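Enquirer: With chain V fixed as given, assemble chain R onto it according to the hints.
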Amino acid sequence: MSASRRDFLKLSGGAITAASLPFLKVLPASAASDVIVAVMGQTINSLDLHRTGTNRPSYQVAVNVYDRLVSFGTKVTPDGGVSYDYSVIEPEIAESWEITDSEMIFKLKPGGKFQDGSPITAQDVKWSFDRAVSLGGFPAVQMKAGSLESPDQFEAVDDLTFKIKLIRPSKLTLPDLAVPVPFVINSKVALANATDDDPWATEYLHKTPAGSGAFKVAQWKPGEQLVYERNDDYTSGPVPEIKRVIVREVPSPATRLALLERGDVNLSFNMPNKDAKELSEVDGLAIQTTPIENSIYSLCPNLAFDAFKDKRVRQAIAYSVPYQEVFDAGAYGRGEPMWGGPSMTPSDIAWPQKFPYATDLDRAKDLLKEAGMASGFDVPLSISLGQIDWMEPVALLIQENLAKIGVNATIEKVPSANWRTASLVEKRLPLHLETFGGWLNYPCYYFFWCFLEGHLFNSSNYRNEEIEVLTLETLHMPIDDPDYAPKIKRMIEIIWDEVPRIALWQPALSVGMNGVKDFEYWFHSQLDVRNLKGV
Amino acid sequence: MSGRFKTISLRIAQAIPVLFGVVVVSFILTRALPGDPAVYFAGASATEESIAQVREVLGLDKSLPQQFIIYVGDLLRGDLGQSISTGQAVTDDLARRLPASLELTLMALFISCSIAVPLGVMAATKPGSLRDHMCRVIVTAGVSLPTFFTGILLIYVFYYLLGIAPSPLGRLDFIYIEPDTITGFYLIDAAITGDWETWFGALKQLVLPATTLALFTMAPIARMTRAAMLSALSSDFVRTARAAGLSSSKILYGYALHNAMLPVITTLGMVFSFTLGANVLVEKVFAWPGIGSYAIEALVASDYAAVQGFVLAMAILFVLLNLCIDIAYSLIDPRIGFEER
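Those protein sequence lines, which keep their order, are chains V and R. Take the first sequence: its letters are residues 1 to 535, numbered as in the numbering used here. Take the second sequence: its letters are residues 1001 to 1341, numbered as in the numbering used here.
Bound conformation, chain V alone (with noise of 0.2 Å):
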């Protein structure tokens, strides 16, 4: 987007008074309360999530300019936050739907219209789903977890009538509508500034969205900062109370703390644990920390290397780890524990829940004589320099106790580009951390992607021949069949008994709020600003 400065003062509109330069007079913008000044250590670098090499920052932008078929609903969390609610579907482009063991049919809204006053059509909607599945990548990926894969399966009834044709009945069909990548574009504009290089026009909305979502992008200067104008003529849902958000990048989080506490920021996203855990006490400031959804850090010992073939040697790592200190250590607290439950068997089926080991060092030491190992053996533990913040403390208390059972840990550090080949296309780090979080609230979901073989988060090369036909009998089998919580709970005792993935804790998201309210979290983790409030 270009950004000269008459552009700018257009888009503003009537916000710009007279005088030529401040839009915003007044700076602790906690006096003009319907302007929200938000700061986060990442980079936006495209304004479009289907386009290749567009980073997971990049997706707020689909979430707060574009809509989808379907959302979902709001819930309020036990310690008072708000979040979106996975088990409840509500419209937002669709008016109401009707869903068949072959086909789901949506009506639109009448009278959806765009940002640029266009109506929104169901033409509108084939495209993008069309362009979903076509341009590859990630966003194909995801559209494939819900069982689209083709353009075929999409079809425009009529201007309000939009059809899906289903591969087969699955429960992931509908939620995957509501995740950020399906969104709709308005494909008048679109095609107007496609080329036939580029039929999906992912140069123009690369830098130019064309959505129908509550807030307009006013300003885009990659590496700076995003300025979000709300859309007042919303027609999806309720229109925002805020007027305008302005997002800046800024990579410091001793600077941006600096800037919460002086209250010349309003929302500091995705703080580090250790800055949320020191602000929790401040007056005035309120942290939001919302345990991440169907997400587990996680030690993996991977089966390839020879010493982890055998079961008891994978169970002595896990009754080895110091929980409580690595906890501490990585997240400061922040997050759910997920060691120390009762029983080897579950329960229910909630996930992620506390698997049955806990720090127990002798236990560990009588588990490696069983399998022949007392002697203890040498392996390389290994770490992402992306992520070594959490991952180098925790890996030296795991380290420090691996070797009071005998086993000789060495940490090696992974450049972070060469990190995920490593750890996940090559399946070849001995020991490692891992953080596979499912957008996709089930755990047969997360069962999925990390525990058949070849798939890809399954770093740990494992196999069982039970989960692997139980994983493809749940994944697509409604939650309320009287198969599922027994299939569910099999399978759940099956990853705690051979424990491929020994769980550490489950990851949270920390919001730091000075002077706005009613931050939403999303499974996505990324910045909704469409609920927030002024206080």
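The reader is advised that the hints may include incorrect statements.
Stretches of chain R that chain V covers, calculated by requiring three or more beta carbons in the stretch to come under 8 Å of a beta carbon on chain V [as the list claims (entries may be wrong)]: (1) 1085-1092; (2) 1224-1230.
If the Cβ cut is set under 10 Å, some of the chain R residues that face chain V in the computed set are [what the hints assert, rightly or not]: (3) A1042; (4) T1047; (5) T1125; (6) K1284; (7) L1299.
Hints listed in this document are in silico derivations from the structure and should not be mistaken for laboratory results. None of these values were measured; they are calculated from a predicted model. Glycine included, each C-beta is placed from N, C-alpha and C at the ideal position.
Expert: Using the frame of chain V, we list chain R on its own:
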């Protein structure tokens, strides 16, 4: 004068093989980096298939010589390629970020020189005296503190505690609108458009980061000024000037300092280059959208086009810098003729 012009053209021509070497070396070195950009940019849950697709889009499925030919062809058209990590054309990124870094560095050097040169002169006039030692202590302290520490300390004192510095939010607080881009230097652009409010806003933002860098760069300049002044003051022409009864300020500033400038300028060139590098940490602390943090992030992500663009831009910058320094030599000291060399 025509001789000088000819020499300058010759010097620029001599830079061409250097730049070609830089192009080749940066191309090979980026490819030798560990890590696979296709995998990195395909995202967390990409499959084999989608990684292959990304690799094709990035042109990484071609052989290295083919990639090199394409790269050089693009370069000749002035296209540095597309940075994957920022999603922008590398030329745009550099055009926006290089001025930010240069503005900060030049400002820092300006502050640094205006303190360090007088300090050095002062120290040289009375070597071994109290003020000589004072000077030594000040500059040593400055260079000993790591820049990220000085930066955070300054923010803590002047922003957090005293509240007199503006929020450390980059080049311009968001209450101002950036000036139209003419040179990319906010101070210059705002001055050209006569927008003094923004000019002042940009200056305020510059003070803390520039001071941080200036503290770090004072030592070499002050020490070199002192050493050069000492040798100048003990030389024959100063003795002659003293004997001839010239005023001490005339001797000090008119003759000694003039002659001591050569090594100081040389040092300044070196300081400039390492300051551009040392910028990275200051940029992070002050959220300065400069070239240093850009290069680091590109390196971490194996973002080939961005790294190559950065290296090339730096190479050109240094060729020009050295040229400027050589010209400055000949202006300061007429004995250094351009023609003969």
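Enquirer: Are the hints correct? Go through all of them and say.
Expert: Quick rundown of the hints versus the structure:
1. 1085-1092: Answer holds; 4 residues pass the 8 Å Cβ test.
2. 1224-1230: This one is violated; 0 residues, fewer than the three required, reach chain V with a Cβ under 8 Å.
3. A1042: Holds, about 5 Å.
4. T1047: At 6 Å from the nearest chain V Cβ, T1047(R) passes the 10 Å test, so the hint holds.
5. T1125: violated (41 Å)
6. K1284: Holds. Min distance 5 Å.
7. L1299: Holds. Min distance 8 Å.
Checked against the numbered hints listed earlier, the structure breaks hints 2, 5; every other hint is satisfied.
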